[in-house]
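Visitor: Got chain A; can you put chain B on it based on the hints?
Protein chains in written order, with the UniProt record's numbering: chain A, 1 to 564; chain B, 1 to 564.
Derived lysine to aspartate or glutamate pairs resembling DMTMM-like cross-links, with alpha carbons at most 20 Å apart: (1) K507/A <-> D71/B; (2) K158/A <-> D146/A; (3) K360/A <-> E469/A; (4) K332/A <-> E428/B; (5) K383/A <-> E493/A; (6) K213/B <-> D161/B; (7) K507/B <-> E72/A; (8) K507/A <-> E30/B; (9) K519/A <-> D28/B; (10) K457/B <-> E541/B; (11) K383/A <-> D56/B; (12) K383/A <-> E57/B; (13) K519/B <-> D28/A; (14) K507/B <-> D28/A; (15) K305/B <-> E268/B; (16) K149/B <-> E136/B.
Keep in mind that the hints were calculated from the coordinates and are not lab data. Predicted model only: the values in this text are computed from it and were never measured.
2 protein chains.
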Amino acid sequence: MSSKKIVVIGGSAAGPKAAARSKRLDADAEVVLLQKAPELSMASCGYPYYIGGNFDERNALLATPTGVVRDEGFFAAAKGVSARVNTEVTAIDRHNKTVSCTDVLTGESCSVAYDKLVLCTGATPRRTPIPGIDLEGVRSLSEMRDADKLRELVDSGKVKDAVIVGGGLIGIEVCEALSESGMNVNVVEMLSQLLMFLDWEIAKLVEKHVASKGVTVHTDNGVAEFLGENGKLTGVKLNDGSVVPCELAVVAIGVTPNAKLAAEAGLEIGGFGGVAVDDFMRTSDPDIYAAGDCVEITQRITGKKTYAPYGDLANLEARVVADNIARGDKHKFPGTVNSGICKVFDLSAGATGFSEQRAKAEGYDVITATNASPDKPGFMGAKLLVSKMVADAATGRILGFQCVGPGEVNRQLAEAAMAVMNGNTIWEVGMADLPYAPPFSLAIDHFITTAHILDNKMAGQMTGISNAEVKERLDAGEKPFILDVRAPNEFEEMRLNVGENLIPLGKLRNALDQLPQNKDAEIITFCKISMRGYEAQRVLEANGWTNVKVMEGGIMGWPFKVEM
Amino acid sequence: MSSKKIVVIGGSAAGPKAAARSKRLDADAEVVLLQKAPELSMASCGYPYYIGGNFDERNALLATPTGVVRDEGFFAAAKGVSARVNTEVTAIDRHNKTVSCTDVLTGESCSVAYDKLVLCTGATPRRTPIPGIDLEGVRSLSEMRDADKLRELVDSGKVKDAVIVGGGLIGIEVCEALSESGMNVNVVEMLSQLLMFLDWEIAKLVEKHVASKGVTVHTDNGVAEFLGENGKLTGVKLNDGSVVPCELAVVAIGVTPNAKLAAEAGLEIGGFGGVAVDDFMRTSDPDIYAAGDCVEITQRITGKKTYAPYGDLANLEARVVADNIARGDKHKFPGTVNSGICKVFDLSAGATGFSEQRAKAEGYDVITATNASPDKPGFMGAKLLVSKMVADAATGRILGFQCVGPGEVNRQLAEAAMAVMNGNTIWEVGMADLPYAPPFSLAIDHFITTAHILDNKMAGQMTGISNAEVKERLDAGEKPFILDVRAPNEFEEMRLNVGENLIPLGKLRNALDQLPQNKDAEIITFCKISMRGYEAQRVLEANGWTNVKVMEGGIMGWPFKVEM
Chain A
1 MSSKKIVVIG GSAAGPKAAA RSKRLDADAE VVLLQKAPEL SMASCGYPYY
51 IGGNFDERNA LLATPTGVVR DEGFFAAAKG VSARVNTEVT AIDRHNKTVS
101 CTDVLTGESC SVAYDKLVLC TGATPRRTPI PGIDLEGVRS LSEMRDADKL
151 RELVDSGKVK DAVIVGGGLI GIEVCEALSE SGMNVNVVEM LSQLLMFLDW
201 EIAKLVEKHV ASKGVTVHTD NGVAEFLGEN GKLTGVKLND GSVVPCELAV
251 VAIGVTPNAK LAAEAGLEIG GFGGVAVDDF MRTSDPDIYA AGDCVEITQR
301 ITGKKTYAPY GDLANLEARV VADNIARGDK HKFPGTVNSG ICKVFDLSAG
351 ATGFSEQRAK AEGYDVITAT NASPDKPGFM GAKLLVSKMV ADAATGRILG
401 FQCVGPGEVN RQLAEAAMAV MNGNTIWEVG MADLPYAPPF SLAIDHFITT
451 AHILDNKMAG QMTGISNAEV KERLDAGEKP FILDVRAPNE FEEMRLNVGE
501 NLIPLGKLRN ALDQLPQNKD AEIITFCKIS MRGYEAQRVL EANGWTNVKV
551 MEGGIMGWPF KVEM
Chain B
1 MSSKKIVVIG GSAAGPKAAA RSKRLDADAE VVLLQKAPEL SMASCGYPYY
51 IGGNFDERNA LLATPTGVVR DEGFFAAAKG VSARVNTEVT AIDRHNKTVS
101 CTDVLTGESC SVAYDKLVLC TGATPRRTPI PGIDLEGVRS LSEMRDADKL
151 RELVDSGKVK DAVIVGGGLI GIEVCEALSE SGMNVNVVEM LSQLLMFLDW
201 EIAKLVEKHV ASKGVTVHTD NGVAEFLGEN GKLTGVKLND GSVVPCELAV
251 VAIGVTPNAK LAAEAGLEIG GFGGVAVDDF MRTSDPDIYA AGDCVEITQR
301 ITGKKTYAPY GDLANLEARV VADNIARGDK HKFPGTVNSG ICKVFDLSAG
351 ATGFSEQRAK AEGYDVITAT NASPDKPGFM GAKLLVSKMV ADAATGRILG
401 FQCVGPGEVN RQLAEAAMAV MNGNTIWEVG MADLPYAPPF SLAIDHFITT
451 AHILDNKMAG QMTGISNAEV KERLDAGEKP FILDVRAPNE FEEMRLNVGE
501 NLIPLGKLRN ALDQLPQNKD AEIITFCKIS MRGYEAQRVL EANGWTNVKV
551 MEGGIMGWPF KVEM
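If we strip away everything but chain A, and leave its shape as in the complex, we get:
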């Protein structure tokens, strides 16, 4: 029997998983977990929900499903792992196979020997040197104490105005938390959209929803300066010169991997600044593994390295590390397809694989389809889903899928993630046998329908045009014939008001004289979700029109203002 000494640095997600499983796989091993923070196994993805008051019990973030707090005593008794909190590792001596630590409370130092070392050092919120960033009131959200502080501010009721700097996942989650707790919230994003894993026109739907909740979103804008008085934040000056008064600003512009310890020990660092590991999660030192937010991993579609700091991946990486330490290096971590999801007020939004913009940036020639349609039958209380599927134009392989809406986004993204991972084509997905009953989905699942739309496009049955392109061309003064084929009552309720012509689909075959008589004139059809728009295209093409396009996603997918 071995009596391996396994030392794990970092006690958030990957660290505890690697430590506990290492012990389960090798009962004779001595497993030590070193953690700088005072807490262990924090459910950090839950911080926004704690801040927003979804629950009040702070310990819920630290407890097992049966309510036992995962502290040092728990790790010793239940896991057989010797965990030491408030213990910062300051150096790795690879030659002597020891790590140097400091007790952050007492300042005492110590040294711990290892046979195998696991780096789970996590990541740090990115902070740019904006003037005033050190003012009291400028915060980030990374550690438990950050969550504590933000919750304290929420509970105090003293903060009226808050600014979120960064419209990514964490920014949006914190935006919701603060807004729902009663604060007046502004979100400032440098880029032209929120949630960069979505394409622009899909992200705009999220932005519209966020705005409908009273949040002001500033895109294409940045923070020029944090303004303050007596060391306290009083407002934010934006790049466009405007000033937003606030007592709280949360900077959430991404994270950078904590790789300093690794770098100082001479371990290889990757192109994104993270610890470089091979498929077995080994660093450049065969006795040192790494997992979690500090590492770079493989992007499964391209095979290239990427940086994907997500809690779920951290756990899987750590499982691979434990398996390889216990059983020899046989277990590979396959990497990420960039699956992600978030709640945004009454919407869910997420993606797996690549957006159109990202796929193009990776060099793919892509074809896409947008589908706005209900998640289940109307009589079961259907809610809208708006999706976009991105496929390789040459092979039909699905490269990515985005989905937002008040409907059942969760299932859609999960099945799409499995499809992307498996390299499925649109035709494979178009014939998927998924669970169906009216309380759960449509007879033809939304994801399958999206693949069918793309199939129709690839087969030349349907020619699509994106709402963004339609808007751009209208704004540029072009005058294509826009044909709304919905019913008059639908038009009454809501319309684009861009000079469109209303001819309901059921009347179209008998109203062809109302269309441009030049058969080469451009006609853009749409309806509520654009199924009828597609049928209109079929009808018009059958009657000789040659330049008909369907505006994908219909009026439900239109991210701009509608008239109601």
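Guide: Okay, now just chain B, sitting in the frame of chain A:
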């Protein structure tokens, strides 16, 4: 340009899809849809929800998402399809390529010529020759008029007691509908469990839940006779001699394919009595296609033919038919993995692929894992999921996945269906990158965890035993040492009461003297969901015990009575 005559027989699910898409793909085709019933495009899977009063608008079952009823006028105007209702096809003349029809209202007959014929003749509820089956009050649920009648009975408030004959999908959905509308419901099932796509111990959890709603479930029992007075049902006599009084009985013991028309025309019929088709959905006559509940299709795992009459598959099959008619026979329908889901009061229950019993019947050597655990973090309002994964013992390929519970079953089954279709192994699923955020799932998704449990079992890290086997052996008088490693407060709340010993996991390492000192004695560990049970096994094996098993699913998966 062709001017093909396409005739489609049947107007429920597959028929309208085949007809409408045929017209979209070939605008010059003349498409005729012949339907015996007075309605078209009925959302028949929605009948139970209409009966149960989830909604009152009968037309919702017949309407498009925007509320337009899909009648003959709709098909003509919006789809360009000539639909004729109340039109029964009585014969196919393959030589002259015509079908003979009768108007079921007037008795008039006619003949329609075809170039391509599509059979979507559906299925008929199975009725066995039980004495009294023709009494007034003995009904089935297949057509719209059946739904109308059952809804009328519900609305009348006159039926106090109802018996459902058959505990399959439709039986359970109707059971819920009638029970929720206030009737006292008994379910009678010949076999030893409800929902045969589940394994026995998983189905028992559903049965327990159904019983908790006041429904009496009789398994291993059948109907010997329907009892009546003056031609009206008064009760049901069961095989065990007991009598259940009732004014309504709904017979839901499965359906048989409507293949008579095809058989009489000399088309090949399959081993299940359905119309035989090839991968292109062609019958033995190259000009006749078939789709929907009347056909036999391929089971994707075995490659053998099966009978899978589901509305979602009917739509996909019909799409393939339309594609092949329009574009030549190039499109294959890959078949089914038997994905299904249903709502059962506060639970969802479903499966994809094979259950353990079915996989064994198909000749597979299988290994299984049961996982009872929450769908998301406790602080987000977690609900329970109980799942069972079945994999091929030799290759680790996932053959099936079942999931029941009040939690998010829908996503679990959808991702599992994708995995089964793709032939994924437990190791592939164990490293899946699925969308994660606390409102939607656990950091390690329930499905992934189930794969991890199976990985642990296959690696020899964990030895499981099913709760059914534990119960059977205890009932037979065996006395294994049963070790509950939960906390005292959990034990206080709920316990098996089978003579178990309580030693909380955290105390186990210091309480080894309380265990059988014979290291070969059989010890069966468990906890709430059996994660701690597994950890206890690791601890005991590390201390020399050689015969330790984990009762999979823990007390939450225990389908028998618990003491509270």
